[in-house]
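Enquirer: Residue numbers (my numbering), protein chains in the order written: chain F, 567 to 1029; chain U, 567 to 1029.
A few of these clues could be false.
Just so you know, same-sequence chains aren't split out, so a pair can sit in one copy or run between any two.
Straight line, CA to CA, 20 Å or less: simulated PhoX-like cross-link-like pairs of lysine-lysine [what the hints assert, rightly or not]:
hint, residue 1, residue 2
1, LYS934, LYS775
2, LYS901, LYS850
3, LYS901, LYS860
4, LYS969, LYS901
Keep in mind the hints are simulated off the structure, nothing from the lab.
Each chain, written out:
Number of protein chains: 2
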Amino acid sequence: MYGLILAGGSGSRLWPLSRELYPKQLLNIQNTESLLQSTFERLTDIIPQKNIISMTGVKHFSNVKYQLSKITENPVVLSEPISKNTAPAIALAAQYISIKSNNDPVILVVPSDHMIKDIKAFSKTVLEGEKIANQGYIVTFGIKPSYPETGYGYINVTKLKIENGLKVNKFVEKPNEELAKKYIADGDYYWNSGIFMFKASVMLNELKKCCNDIYSLLNNFDFTKSDEIPYIEFDKMPSISIDYAVMEKSDKIALVKLESDWNDLGSWKSIYDVSTKDTDGNVKVGHILDEGSKNSLMYSSSKLVATIGLEDTVIVETEDAILACKSDRTQDVKKIFDTLKKQNDNTHLVHKTVYRPWGYYTVLAEGKGFLTKMIQVNPGQKLSVQSHNHRSEHWVVLEGMAKVLLEGKEHILSPGHSIDIDIKEIHSLQNPYEDVLKIIEVQKGDLLIEEDIVRYEDMYGRV
Amino acid sequence: MYGLILAGGSGSRLWPLSRELYPKQLLNIQNTESLLQSTFERLTDIIPQKNIISMTGVKHFSNVKYQLSKITENPVVLSEPISKNTAPAIALAAQYISIKSNNDPVILVVPSDHMIKDIKAFSKTVLEGEKIANQGYIVTFGIKPSYPETGYGYINVTKLKIENGLKVNKFVEKPNEELAKKYIADGDYYWNSGIFMFKASVMLNELKKCCNDIYSLLNNFDFTKSDEIPYIEFDKMPSISIDYAVMEKSDKIALVKLESDWNDLGSWKSIYDVSTKDTDGNVKVGHILDEGSKNSLMYSSSKLVATIGLEDTVIVETEDAILACKSDRTQDVKKIFDTLKKQNDNTHLVHKTVYRPWGYYTVLAEGKGFLTKMIQVNPGQKLSVQSHNHRSEHWVVLEGMAKVLLEGKEHILSPGHSIDIDIKEIHSLQNPYEDVLKIIEVQKGDLLIEEDIVRYEDMYGRV
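If we strip away everything but chain F, and leave its shape as in the complex, we get (with noise of 0.2 Å):
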């Protein structure tokens, strides 16, 4: 069997917490680990590490790639140079899939970003599933509703078994609270989990059937020489999700109810519900300090953050927001990120903290002229040899040891000391020792923009 993880994600949900660059799958949540790294151990239960592959955007590739490789060696992570929403993706990875295994597997596609924790009960589903798979069908996991939802899809099924599963009728769109209601009552409906599982030849066929438009594009893609998907080739593709493309026109469907738990984090309440609370019923995570609040979600990431008498609300604080929301209106959250988007306010789109394959650095201030960061770069790791056109700077190194290269003299500097690169002055920072290295770096010049950076070389492959 093979896995697909979709690991795409706007991270407009949870801001601020998530952002469009750091979104929900890359975020440890009550864990020592990310989402996306658990998607990836709760696959390994079933399916051999080296057939697990990732598909995700260019913005967040070296995040993934990065958090992936601490699970396991070379992980294989495929870019989407653009956002095409998911049929595109799967169509790709079953080719991709078909032609690399020289085979016709299973393929269990699964988000990067739910939380399950029962982790057998998972896997023996997904087993379930794949007998029906097997008999060419499109297999789908559904989700037993406990309540009346209105933000998720739903699927009706019939009543004709497949193995342990179920032909389905047809998948619909979010329903209103009382439709809700009757599907509930009806007993036939299931929420639609995006988790599914198919043989690459039936998803091929599936395509070739429901949307030619994206299989006949297919042989376009050469993957026998690179992984690369060639942004000139997938942007002829049409932006259309899996359920329009194939779900909801193919009669080859089939559900199988997930037996574990699930929870697909789609907003701060979600969070809060499956936290672990306290007496009052509050969820607290880091520095808070509180006086008789009930019921309430208190996140602090760097700050103290104080609550008195609050009811129902969820706090978040992260280095550059803050979110203040009743628990009732935490899907008004998109709100808030899309009038951000709006107003190009970058609070949207980065935290202070940029994570970089390399380590990670945050903006400290900023003013006319001027740009203050702290770098720290992890150990083993290196930045690219670079220059700039429009800005100097000065480094100074605060904790472990920094190699740097300045043209082309090597220089080592302990903490205290620091070092002056000129505008068009090529250098590298590396951290090639076993503790981490911080750095002050001050930038001056008349245009201080991340974009402002010619790369000559790069571990990391951004040249």
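Got chain F sorted already, so can you dock chain U onto it with the hints?
Expert: Same frame as chain F, now just chain U:
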């Protein structure tokens, strides 16, 4: 007439905006000037600038002096070496003014952290009070209660008129709500504003009668030679309020009704009350993005604060602490403050940004063996000539020009340029220019505390 501004204050009520080392009177609240500065300006309507004296704790001395020096040349600020409540401070001020004026003037005592907008009405009331004070009374200014407040002390008056005032019967403690309602129904009760006036000789005489513990020590302070209040003498004073020491015991007390507006800004709720609201009843300060909140106060000092669906809630964001509090619980902010103090959490004490007579500094990052600050030196200011026993420093200029004295040698640094200061090297940072100077300081050493400083020369008298 003389004025005495009591500029003590613990900074607990408006936490996290106020701190123990940066209390309410030093804050700009809806204004370009601080409450202390507004208080000084208000008094100048009827009192010559040189006759206005401020009394504060040693911890706030440099800030009080600095703020007042922006309004008047060489403001007189007396510094209490330790906190002993109001009676010793007022006794010493009366003594000080008697000696300095070589006369027996009327002294108006005002807190430094109240808001009064109608200066004309205030001055008119004070001039009414002056007539009574000249008849040998201690005149207290009372506020006609508008609702049964339980957070203030009340003053009960007799029917006996003295000029346009009334003779006081008694001072009463903060009542419970039932009692407060009775006081209002009675009509002969006023809120105690903490504003009062008296002839110096009358106060000294009443102190002799009511609180000889204080009076008998007054001649130990010789203000003919110096404005300094010696610790060893001041520490002998009992810690007691002027209300307990004199007002509740003396039979020479009259009350004049304050005809102006008055707000003691004693809680975030009272800040909300005096602020201009939008059509949803919200008060928004700083970078706020709201979706459907009502009757709430949102205060951002630096970061984006997004609020959704809040009602009757106060959110206050500062660089290192966030408060989220139901409006009817803002009195409990003091509990949070006290808890922090008990836990030795510095968040009660200082802001991340610390104001100094020469400008301010902000701690940007701290770690194992290092500390990084951004330092702003205002035009014409200089830091003391100093050295450190446990740390080296590295300075990088960001904005403006720096004049650095290092071991007797002068260095002029422009933006992007840096200098190393080794352990024990004598140095000084100066800004003799017309623009603001901003630098990054990286401290390195085994002990990185403010107290590791040996001062040789200081324009603010801190040697």
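Enquirer: Each hint: holds or not?
Expert: Consistency of the hints with the structure:
1. LYS934 to LYS775: This pair counts as neither: shortest intra-copy Cα distance 59 Å, inter-copy 63 Å.
2. LYS901 to LYS850: The answer is between: 19 Å across copies meets 20 Å, while 25 Å in one copy does not.
3. LYS901 to LYS860: Between copies only: 18 Å across, 26 Å inside.
4. LYS969 to LYS901: Close neither inside one copy (45 Å) nor across copies (50 Å); limit 20 Å.
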